[in-house]
Amino acid sequence: MPFYWTLAIIALLCAAGYVLGRRKAVASVGGDKRRLHSLPNFYGMNVALKGAVPAFGLLVFWLIAQPLFVEWRVSSIVSDLAVSEARDLGLVMVDVRRVADGLDTAVATGTMTASEATDIAAGDGNVRERLGAAGVALGSEVSEPVLRAAQRYRALSSTGDTLRSVAVLAVLLLGLGWAYRETDGEFRARNVVEQGVLALLLGAACIAILTTLGIVLSLIFNTIEFFSIYPASEFFFSTTWFPSFGGGSSLGILPLLWGTLYISLIALAVAVPIGLMAAIYLSEYASPRVRGIAKPALEILAGIPTIVYGLFALLTVGPALMVVFGDGGLGWMQAGTAVMTAGLVMGIMLIPFVSSLSDDIINAVPQSMRDGSYGLGATQSETVRQVVLPAALPGIVGAILLAASRAIGETMIVVLGAGAAARISPNPFEAMTTVTAKIVSQLTGDADFSSPEALVAFALGMTLFVLTLGLNVFALYIVRKYREQYE
Amino acid sequence: MYDNRASESAVTADDIKIEAKRVNVHYGTTHAIKDVDVSILDKTVTAFIGPSGCGKSTFLRCINRMNDTIDVARVTGDIRIDGEDINDARVDPVQLRAKVGMVFQKPNPFPKSIYDNVAYGPKIHGLAKNKGDLDDIVERALRRGAIWDEVKDRLHAPGTGLSGGQQQRLCIARAVATEPEVLLMDEPCSALDPIATGQVEELIDELRRDYSVVIVTHSMQQAARVSQKTAFFHLGNLIEYGDTDEIFTNPKDPKTESYITGRIG
Numbered sequence: 001m002p003f004y005w006t007l008a009i010i011a012l013l014c015a016a017g018y019v020l021g022r023r024k025a026v027a028s029v030g031g032d033k034r035r036l037h038s039l040p041n042f043y044g045m046n047v048a049l050k051g052a053v054p055a056f057g058l059l060v061f062w063l064i065a066q067p068l069f070v071e072w073r074v075s076s077i078v079s080d081l082a083v084s085e086a087r088d089l090g091l092v093m094v095d096v097r098r099v100a101d102g103l104d105t106a107v108a109t110g111t112m113t114a115s116e117a118t119d120i121a122a123g124d125g126n127v128r129e130r131l132g133a134a135g136v137a138l139g140s141e142v143s144e145p146v147l148r149a150a151q152r153y154r155a156l157s158s159t160g161d162t163l164r165s166v167a168v169l170a171v172l173l174l175g176l177g178w179a180y181r182e183t184d185g186e187f188r189a190r191n192v193v194e195q196g197v198l199a200l201l202l203g204a205a206c207i208a209i210l211t212t213l214g215i216v217l218s219l220i221f222n223t224i225e226f227f228s229i230y231p232a233s234e235f236f237f238s239t240t241w242f243p244s245f246g247g248g249s250s251l252g253i254l255p256l257l258w259g260t261l262y263i264s265l266i267a268l269a270v271a272v273p274i275g276l277m278a279a280i281y282l283s284e285y286a287s288p289r290v291r292g293i294a295k296p297a298l299e300i301l302a303g304i305p306t307i308v309y310g311l312f313a314l315l316t317v318g319p320a321l322m323v324v325f326g327d328g329g330l331g332w333m334q335a336g337t338a339v340m341t342a343g344l345v346m347g348i349m350l351i352p353f354v355s356s357l358s359d360d361i362i363n364a365v366p367q368s369m370r371d372g373s374y375g376l377g378a379t380q381s382e383t384v385r386q387v388v389l390p391a392a393l394p395g396i397v398g399a400i401l402l403a404a405s406r407a408i409g410e411t412m413i414v415v416l417g418a419g420a421a422a423r424i425s426p427n428p429f430e431a432m433t434t435v436t437a438k439i440v441s442q443l444t445g446d447a448d449f450s451s452p453e454a455l456v457a458f459a460l461g462m463t464l465f466v467l468t469l470g471l472n473v474f475a476l477y478i479v480r481k482y483r484e485q486y487e
Numbered sequence: 001m002y003d004n005r006a007s008e009s010a011v012t013a014d015d016i017k018i019e020a021k022r023v024n025v026h027y028g029t030t031h032a033i034k035d036v037d038v039s040i041l042d043k044t045v046t047a048f049i050g051p052s053g054c055g056k057s058t059f060l061r062c063i064n065r066m067n068d069t070i071d072v073a074r075v076t077g078d079i080r081i082d083g084e085d086i087n088d089a090r091v092d093p094v095q096l097r098a099k100v101g102m103v104f105q106k107p108n109p110f111p112k113s114i115y116d117n118v119a120y121g122p123k124i125h126g127l128a129k130n131k132g133d134l135d136d137i138v139e140r141a142l143r144r145g146a147i148w149d150e151v152k153d154r155l156h157a158p159g160t161g162l163s164g165g166q167q168q169r170l171c172i173a174r175a176v177a178t179e180p181e182v183l184l185m186d187e188p189c190s191a192l193d194p195i196a197t198g199q200v201e202e203l204i205d206e207l208r209r210d211y212s213v214v215i216v217t218h219s220m221q222q223a224a225r226v227s228q229k230t231a232f233f234h235l236g237n238l239i240e241y242g243d244t245d246e247i248f249t250n251p252k253d254p255k256t257e258s259y260i261t262g263r264i265g
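Protein chains in written order, with full-length UniProt numbering: chain R, 1 to 487; chain F, 1 to 265.
Just to be clear, a hint being listed does not mean it is correct.
Computed beta-carbon distance windows for the label pairs [to be verified]: (1) Pro-426(R) - Gly-164(F): 53 to 59 Å; (2) Gly-164(F) - Ser-218(R): 53 to 59 Å; (3) Ala-157(F) - Leu-311(R): 51 to 57 Å; (4) Pro-288(R) - Lys-129(F): 40 to 46 Å; (5) Pro-288(R) - Thr-261(F): 43 to 49 Å; (6) Ser-219(F) - Val-473(R): 46 to 52 Å; (7) Asp-245(F) - Ala-294(R): 54 to 60 Å; (8) Pro-288(R) - Arg-154(F): 38 to 44 Å; (9) Arg-154(F) - Pro-296(R): 42 to 48 Å; (10) Ser-287(R) - Ala-157(F): 37 to 43 Å; (11) Ala-157(F) - Pro-426(R): 41 to 47 Å; (12) Ala-294(R) - Lys-34(F): 35 to 41 Å.
The set of hints was computed from the structure by calculation and includes no laboratory data. We put the CB at the ideal spot given by N, CA and C, even for glycine.
One chain only, chain R, in its complex shape:
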């Protein structure tokens, strides 16, 4: 039975269970709904939930488990072949899956009958050509063990699919039947449904947390692998970054960190004063009308994709800086791509980030503070400088630290605006590069995933992760510690 049919049957039966459960509950109290413990809908929902949740649970589990099981059974057939031809078992399995899929396609398009597909042998005619006629391209002629393994793969999969449908429907019916039986006027259906909702919300929260955990774990394992083939002291303290895929590369993180911090520093030097002053204007001086237009307009900046900022850096800011600081002007700059270019553009990107957060924080300062200050004869700017800003300072610091972690993690602007040379130099008009940009360049192209040159990307990513995590935790700590001060 096709997969989607299973889904449709589950939905249909649950809907039927809902109607029946609701009807039974109402009937059990002789049609007087006030005598029910819960509203009639809860009884219907209880039945539907108790059918759908176990059925879907089993379905998901089966969908994950079946391919693993089939793979395990089939791989025992081809493992001898892999050993004899000295090939990687995983690669042979890729062949097997491709042939099996090809046979499926051939049957579906009608170039092969179902019995032909199960019985065809490598000796009977040209399997590769026949599959090719069905639109399935194979790299080489199919060998006998691979073909047999593919046929076994298909047989196991189709048995598994049938079993899956049967098992899921059985669980569904059991669940529906159990819930229907316990339905009567006394049953506390509302409490059960509420618990079901709670479990749903908890599940969603768990998925978010577990995904984060998974990402961190994958980083950690690859990082450990990197450090087992490359000395950690060299990674952290070497001042040269010279990856060469032929071997003998030097993978020091310091030049990349220097580039990252230098660019972030310039970006913050641009974004913090401008963003903060914009926030003060918007929250303290602007009339509601101006604020209603200016705030969304400023936040549009935050919606521009960073690649567009990158283009802006490459095509507009870089050449403009060259006019002033390049060979025609002061002569400090060799090319349009430089730390200054990337830093300026990144700063522009961060302005709405700083201004929007700071604006919210400044607005949260109670009006009574301002009244108190005005009541003492302070002017508006004295009030802002000496009362409002100090009161909002912890929140503003938090906003700046969050902006900093954005700057450190930014990639596209750097790739397009800062150049690709890893070097430690105090001159902001020279090209430099950052950790993120190098992660991209180490993992794109034909990298061998077991070489230190590719694995270093994970160590770089881990360093970056720890750095931004530290900044975020620190920001949250500052914001929390001082938040309650004026309440």
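Start from chain R and add chain F according to the hints.
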């Protein structure tokens, strides 16, 4: 709590400090104050009483032009302090507010140290010549606020860490530190317990020696205890204004009588 007759005999000056004529205030389309005329005396405590929403706080805020900070508020009419029109275009509301201090309903110390809270006004108005001078001003203000003994050992602790009553006295000290001529108090005791209220009332009686004090209050007992003059507001109108004893013992208007005896309000 205090014997009114005794304190009244201590009032020597009888000159008018604030004179308001035909004052109207609109909040958007709401007519909050209607043609109020009142003359407030120097070195006197004047109480504004009346039910909630009657406009007494709004009128108080006209006296130091705090209504300027509210966009929708529109004030018309003539208010003179020492004969000078405060709504005149040449008057800087900032300077006016330095002369007319204000204490708010909820204690609102700045998130700064106790010392900095009090030094704030003198600093922005340049009242102190040097650090020692500023120290003196702060100490004098805190003494006048009757809080010096409680905070003298922790002047650099945050003002927000004090108790509610202490915070309110700190705010009074802060207002006094700028050497105002008039002190406006908007329900200064509504957030305080009876003991703190007693301390603040004692303080108000003290302040009367140097300032003209205007206090808005919901407590008629408080008005009777601390004030020499009382104004009764109702629905934006000034119903009756006169000596406190007179208002409380022999009100002329039936509305005043109803309010004071608790029939309305």
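Evaluated hints:
no., hint, result
1, Pro-426(R) - Gly-164(F): 53 to 59 Å, "holds (55 Å)"
2, Gly-164(F) - Ser-218(R): 53 to 59 Å, "holds (54 Å)"
3, Ala-157(F) - Leu-311(R): 51 to 57 Å, "holds (54 Å)"
4, Pro-288(R) - Lys-129(F): 40 to 46 Å, "holds (43 Å)"
5, Pro-288(R) - Thr-261(F): 43 to 49 Å, "holds (45 Å)"
6, Ser-219(F) - Val-473(R): 46 to 52 Å, "holds (50 Å)"
7, Asp-245(F) - Ala-294(R): 54 to 60 Å, "holds (57 Å)"
8, Pro-288(R) - Arg-154(F): 38 to 44 Å, "holds (42 Å)"
9, Arg-154(F) - Pro-296(R): 42 to 48 Å, "holds (46 Å)"
10, Ser-287(R) - Ala-157(F): 37 to 43 Å, "holds (39 Å)"
11, Ala-157(F) - Pro-426(R): 41 to 47 Å, "holds (44 Å)"
12, Ala-294(R) - Lys-34(F): 35 to 41 Å, "holds (38 Å)"
Hint compliance for this structure: every hint is met.
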